[in-house]
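Enquirer: Take the two lone chains, each set in its own frame, and fit them into one complex as the hints suggest.
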Amino acid sequence: MQFNSIDFMLFFPIVLAVYFIIPKKLRAVWLLIASYYFYMSWNAKYAILIGGSTVITYLSGLMIARINRSDDDASYKKKRWVMIVCIVINLGILALFKYMNFAIESINDILSVLNIRIIERRIDLLLPVGISFYTFQALGYIIDVYRGDIEEEKNFIRYALFVSFFPQLVAGPIERSKNLLNQMKNIEELRLWNADRITSGAILMVWGLFLKMVLADRVALLVDYVFDNYRMLGSTELILGAVGFSIQIYCDFYSYSTVAKGAAKIMGFELMDNFNTPYFARNIRDFWSRWHISLSTWFKDYLYIPLGGNRKGKVRKSLNLMIVFLVSGLWHGASWNFVAWGGIHGLYQVVGDWTYSTRKKICERLSIKTECMSWKLLQMFMTFVMVVFAWIFFRADTITDALRFIKRIVIRPTPWKMVNGDIYMLGLDRSEAHILLISLIILILVGLIRYLKRMSLDVFLFEQNIWFEWLVLIVLIAMIFVYGEYGPAYDAHQFIYFRF
Amino acid sequence: MKKTICRITGFLIILLLILVSLNKILAFKFSDGVSNVSNFYNQDDNTIDVLFLGSSHCFTTFNNGTLWDEYGIASYDMGTALQPMWNSYYLLKEVLKNQKPELVVLEGYATAFDIEYSQDSRIIKNTYGMKWSKNKIDAIMASSEEGRHLDFLLDYCQYHSRYKELKKADFFENYGNQSTGYNWFGKDWKGHYLMDTSNPVEVMDVSRIDYENELNARTEEYYRKTIELAQENGIPIVVIIAPYGISDYEQSKFVAAERIAGEYNVNFINYNLGFDELGLDPDFIFHDNWHMTALGAHAFTSIVGEYLKSNYTISDRRGDPKYDSWQRWADYTRQYELGQMLMNCYDLETIKSYLDNPNYWLIVSTDGELGESSDKVRSFMADIGITEEFSKEIWLLQSRMQLEHVKEGDSDAYVVTKDRDICLRMSEETYSPEIYVDNNLQKNKVTNGINVIVYNAETNIFTDSFGIDYDNGYAVVR
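Here the protein sequences line up with chains R and P, keeping their order. Take the first sequence: its letter number 350 is residue 350 in my numbering, and every next letter is one higher. Just add 1000 to the spot in the second sequence (first one is 1) and you have my numbering.
With the rest of the complex left out, here is chain P (with noise of 0.2 Å):
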């Protein structure tokens, strides 16, 4: 008897075990929701002192790297994909838990939602990322319709399928969004969403809207709650309506937003209004219609973050090695924008301040018949540590530093680094240079020039990929 029964619980350990495994592996990670709130979890007790809340609107708007920057803020964004109110509360409910803010930030973009219930995978996004507890399980009841909470109860039957597109960030912890090739997760990720490539944007004056729609019943009922659950709690909060491409309709609703916060004497902010007074370049800050750059986040957030320093009492938290992750993902950040700064560059010269950067690896080649180069692109290649004449050749090189060296004939050179695998290789059938990046053939800019793959070894990222066209007078082009 002793015997059956170790024996069941020997094989039911072992299957438990796993299965938890496989759970894991599985389940879903995604960086616009899940992720934001399940590393809020590697945060330290009561080191958040401005939780933002709010859909996509606030995750890639409010950069937690500026804030400390600029005024020693210790900030995070609990943002999820579109947001509902009612997430807003129960997230704010969880955070509460542990973390008591000096002050909550409500990105109200979702005041102006109709919905009755989330789309099914916003309300994964929305709620996968909590820890079970009855807080999440009122969480999930209240994102679904009735007779579907089971669907999001069980939350494996959701992605339990997803071995088809299992990557690296599925196995291994702290790495991230393998896509962006960001190691984004772990206890510095503050929640941002760092973007990338602007696109112009009309920030509609709606400064004449000045009737109500009125909320959706249930939006309200949550908004009200999300106020009334941080004033029970002794937590100034503020509702800001950050810039984006607004319509007239959704104005109207901001309207009866801010009166309803006007009831509980909280400040509404809406930055759509009095848009252009920010002094903000709607053709750069943008990435699309909703969202923001990383350097338009990092314009905006010094704004806000000038407001609410002004207007609340936050602590400056500069100094205090318990902060240090914030001071990390700061620099991260900051290494990020450089590099956005770089790949908005097309002025040889402006290029070659922005690659003087000790974290970048430079991996340069030259390709076609070449010709006369001009001066400043042998200035240029001078400054990066290309000083000899060169044909068809690669180098990796790092503060003017050549690390490898491929010409023609030569074998192969491999770089292994912590996280990437480098291939630099001379084609013996196109006899034309070929970069490997994870096994990746990577594309040439420019097939007469010179090629410079920018690649940040501190943050990780392919930072930029650009080339200087013999055939188009040394253009830059991307």
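With the rest of the complex left out, here is chain R (with noise of 0.2 Å):
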């Protein structure tokens, strides 16, 4: 069930009310079956995956801290020989559902040049939603175990539920044992009754429901068919479904990680933030430490840094950033022009770093000032074209997709049709416009608060008088209730990241 439907607007005020009010003990066992239950009414057999992988990784942690504390000679390749086990495991599974006929493809593709087809069938697996983001979380704690950073979860029902907590099963963000679970391990000592924290709570999930169902859905529109009819549109109408695609995303996937914020802030949890105002970034470097950050810090400490990060040359660091991009990209999708978006960010990161001297020298040279407000915004705005044209690897369909689409953009100028009324025609007329316009508004000065004041909207609220908290909150509820996109005649758009 998706945040903004009729079910999970039942199920979430049910679960909330027995969870408050049933015996302290019987928490984390009444927060699993709710986790379960919201799993599987996705696709109630994938529950077996899921279950599957919260076995192996609570009983290899188990071996692994076995093994520590026994002082075997051979206790270091033991507990390696169980992480990789794990890790092969875990990974093979999601492998299996997410990538298998990705690999079939991409080797008849590479053999059909030579004539010849080894695998003819498709393997028609339904992927599991959320398999991504639980397999990963699931193996930074065995690593994290394996590390020493954190001890074993000896409660099976709190390790299950820290894997299957259902505000960010998902799609994230994606938890780490050292904050997650370390809550979970006091989960009877929570003082559930704490008005403030549970009015930031709801602040956080109206906040992220105004996001997708007035915003991402409404922009979806015009991106839909942007993209769909690529092959007949000129420049304005591309760049527009681009940075259009832009806020989509962002939208999507930021409100997403605050409703799951908001509603496990509600439970007494604190996620970590996921997002923080990323558009606002002066280079890709900062993009990405403010973009889907669990996801760059988890890639970060498990691949990266094992990798040798930047501690073995320059020449090794490029290569070690390049690996790590290529492999989130494909951790969003099995298709090439993931890949290639993945790799697309990682080239931007490693010219950045091998020119960085080179252009602090021309800018010196040219007595450029590089602390005023116009410089930052200008590279506020290069890193945001630079991050757009990457998306558009990410919508198209294809890499042929993507390159037809830039390669429209410098062929078919139409700078007229910014001003003569034909982009009202791309999906979304004229007062659709102007709603999707003062939306716009509304997140950037929330994002400008944070960006300026590093307050989060509830925080923000929570500041000023009365009145105005409570006009924010109307107006963003009467917004999603007149404007938002749900009914019969909207075609619900999925989370974007529930393919991962």
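Hints are not guaranteed to be accurate.
Short, incomplete list of chain R residues facing chain P, as computed with Cβ under 10 Å [what the hints assert, rightly or not]:
no.	residue
1	Leu59
2	Glu469
3	Ile477
4	Tyr486
The hints are simulated quantities; they were obtained by calculation from the structure and are not laboratory data. Note that the coordinates shown come from a computational prediction; the quantities given were computed from them, not determined experimentally. Ideal Cβ positions, reconstructed from N, Cα and C, are used throughout, including at glycine.
Expert: So this is what it looks like as structure tokens:
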């Protein structure tokens, strides 16, 4: 069930109500039941997979901890093997469900050049929702235990809840055991009846639903139109579509994380921030410290650093960066255009790294002021352009489509369409476009509060007078009620990251 | 703790009030379904003596004003678009909560339906006017397929995106369907949908069809239930098939429906059989293949009323102050019908007689070279209150009195009524008269002659607009 569905509107209050009144000892059990119910509403059969992954990583954690406690000379090798086997099994399941057909098709594509076809049949397996998320979350735990960063979790219920916790189960944030699992250890001690915390969580949920239902799903209408018809459109429409997708994917994903954070907060848990005004980033590295923070830090801690990070010279660093971003691309989707997207970001960072000192020298030579607002704005703009360019590969069906899309921006300039009203024929009429614009302004304002005051919306509202707090919330809720994309005429857009 | 509870409660109350207001604004207000039903709740308890149920064949055919004027019958048209039998049943159940009609008339066109479930828009029109109750929930469940009940039970999901098509009627109660310019809604409206513009329709002779085609199982089930419900409550029920462009297949269904009615000793009158003997002109009474015009409905209802009065015990409520709203509706309907008769006139003398209505405001403008006016035209103009020689001018007249007069060089005249904004202007660019109603420029019928717009201030309807064409022998054009 999606967060913006009637099912969730019924599910969540019931889960909350029971959670708040049951004996403390039963809280973890209840949330675990609720989480599995939530997961099984997508596809009941695949609960076996998440259950299996949970059991394997739980047992592996216990085994590694036991090996650690034994004074065996071969303990290092043993626990390493346990960890490797655990990782291989979990990644194997992920690979089977997510990448098998991609692998088959890619191999066939290569061999078709030689007129050889090895594998005829596709494997028809539905992608289990959230498999990329919970697999990484569980693997993060096992690696943390292996490294000794965290003690093993002996309580199976608590551990299972950590893996399957429903607010962040299907689209993140990918939580760390040091954060969420540690909080779950104290679940029985949580003081649930806290008005400020509950209000704060509710504000975040409202904000998340606004982002999804009013913004993301509305701009999706324009994006879908442009990308479906890009071969007949010109530069203005295509750029609008690309920028629109940048907004869509941000709002879609950010909304999910925000609702997750809000829901978890109401229940007494603090999830990590997954986004921090990424489009205000001043360079690509900054962008990745603000975008899908849980994934980028996961890759940094569990792939980049083990590969050597930046400790083995600049060339090796560049190679490591490329590997991480290519894998990140692949994580997002079993298709070459996702890999290309990841590769582009890797390239941005590598080129940026190699040219940093040259660029710095040029700025000094030309007496360019680099601490003034105009320069920062220029950096933000350039970064945004680079990010939008890369998103084209993410959204397009294939790399060929992406390249054609970009080519048409160059060879089919249509600047007059910015002013002659044609932009209102790209899936959003004038009134819808105005609603989108107002919503974007709200998003930017909230973003500025975050960027400048380092405050999330809930914290900011608590600092205001009550009438303002109520006004903002009522406006957001009313906008969701009236302008939200839901109902029979509304073609529900799946949260984009549910493919992962 | 107390402060927190107060805060949260206060917020929720304000939020609820705002959402309820938004819900009210955005809710559907179709006048061929939703509003016919919701307006029923404005009627006083136990005042409806004859209840009509059925599809659009019902609400365009049975003229409540005629029944009142000629027979003193207090009736209500609980017709909704393509109302299937299951909705007739639940609507009757709803009515019986606070009404005890002396007669139920079931317009039986829906017995010919072969559908298992209605289209989405019809489900909405047939159920969304009902107040929330178990009955409404049952009606929605009966109307929609398994697995789709929630789509309709959560009604705001259906209409929340109406924000782009909002009109005055969405914000002000009892305003009615803005697009028709009516002030229909409110207690006085009895559900009859007044249609204009007649078109010829052939009512086939289907008397030779004496064989049956089985009714659809669901249709038959609820047809029987509707009859049984009326009889269980001691209310006589009659099934009527109004005249329309009937087909053989539909007639064969009506044969079956008549047999079933006979099982319950219920009278079944199919007015398509022996239509010629009714004395109704099929070129005149129909708006389209299925619906009658207001004048057609008047003529047909007169016949039906005679039958109902002769065969059933129905009270004559004329003179009873409790039934004043029926009198007002009858007055309104009469005004509308007079307007329809005016609209069908092309002879100046006859037009003059219709214009002699104290409710009418006439916006008269003269345009073009004009030239010599005929005696007839001069007589017409004098009769409506323009006795002087005229060139390019605009007048606003009521009962022969000039309320406004604009000539070339004069500044604009603005007339503000309770419901309308009218501007009379001599254009400085074209030197022609321009008439704006609610900021919409009215199109002239002739470019050389006299244009007349007739506005009924009582009913708030722009009844007619015609021109006298000086280039075409002073012919009346519309």
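Enquirer: Tell me, in ascending order, the numbers of any earlier hints that this structure violates.
Expert: 1
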